[in-house]
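Colleague: Turn these sequences into a full structure, and let the hints steer you where they fit.
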Amino acid sequence: MLKEFNLLMDYIEAHITENISDEKITQITGISSYQFKRMFSYLAGMTLNEYIKCRRLSSANVDLAQGQRVTDVAFKYNYQSIDGFTRAFKDWSGFLPSEVMKNQAQKMLPKFNFFIDVRGGTTLDYKIKRLPKFNIVGVSKRIPIQFEGVNEEIVALAKTITPEQRKEMHELANMEPNQPLNVSYDFDEGYLQEKGMLTHMIGMATTSENDFNHLETLAIPASTWAVFSVTGDFPQAMQETTARIYSEWLPSSEYQLRDLPNFSFTDLKDSQQDVYSEIWIPVQ
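Take 986 as the starting number for the sequence shown in this note's numbering and just add one per residue.
Everything labelled a hint here was simulated from the structure, so no lab data went into it.
Here the structure is a predicted model, which means the values were calculated and not measured.
Some clues are possibly wrong.
Here are the computed lysine-lysine pairs in the DSSO-like style, where the Cα-Cα straight-line distance is at most 27 Å [stated by the list, open to error]:
1) Lys988 <-> Lys1022
2) Lys1144 <-> Lys1009
3) Lys1009 <-> Lys1022
4) Lys1061 <-> Lys1087
5) Lys988 <-> Lys1038
6) Lys1038 <-> Lys1009
7) Lys1061 <-> Lys1038
8) Lys1254 <-> Lys1152
9) Lys1254 <-> Lys1126
10) Lys1038 <-> Lys1096
11) Lys1022 <-> Lys1096
12) Lys1254 <-> Lys1112
Modeller: Dropping the structure here:
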């Protein structure tokens, strides 16, 4: 997978003045653009759009230092106006384009290359499971995207589940992990910058049909799953493990992500310390 990631970085460099389509990302990496962008953000510490913008401005800096006109550079890198380019360049570099031309001021973001950095530390405990097609039945709500800490909107959603709904969910549940699941999907654009909304469902896994009017159904096709076990402070340990899955395990494993929702469950006790969780990631 790292080979494909680096091929995409080469493609971006060769087409830095053009728009990079989701179709091209999928063609080069072999995974959906959604999944690649998610992995990229964990690996690079910035979104793919931010990286491309910074690489364009870095290249623009070189052009300006070589004496090219601001107007020509602005339109070369797809800015619709000189004012828009000047603002973006100043925000990024701290310099005005005219200062670069006059004083040869320089700022650069080098091209990214991905490689495996082998370090000592904690292991990731996982197993591979194959599940037939199934449904997750439960309740859902659009909530704000939040990557760190306890999402109070999820807590609030859990409190809305009625005793009748809980009874119906448990009546339908007939397959592992036989625990109340948290599933997030349908992310808004800009989710990697922690902007917008997503749909979050709390429910149970079942192969039975949902005949209850009080419950919603999310269909999951047959797939292979990488199941990661986590024990630690909630939710920090779980969130840190998710980051390691995308930044360490996936790039170095023989598996690729499938474009399906992942899900998790947490065995919450009275204390939020030494809490057991599982993270289920769809792979192929």
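Colleague: Which of the stated hints cannot be reconciled with the structure, identified by number in ascending sequence?
Modeller: 2
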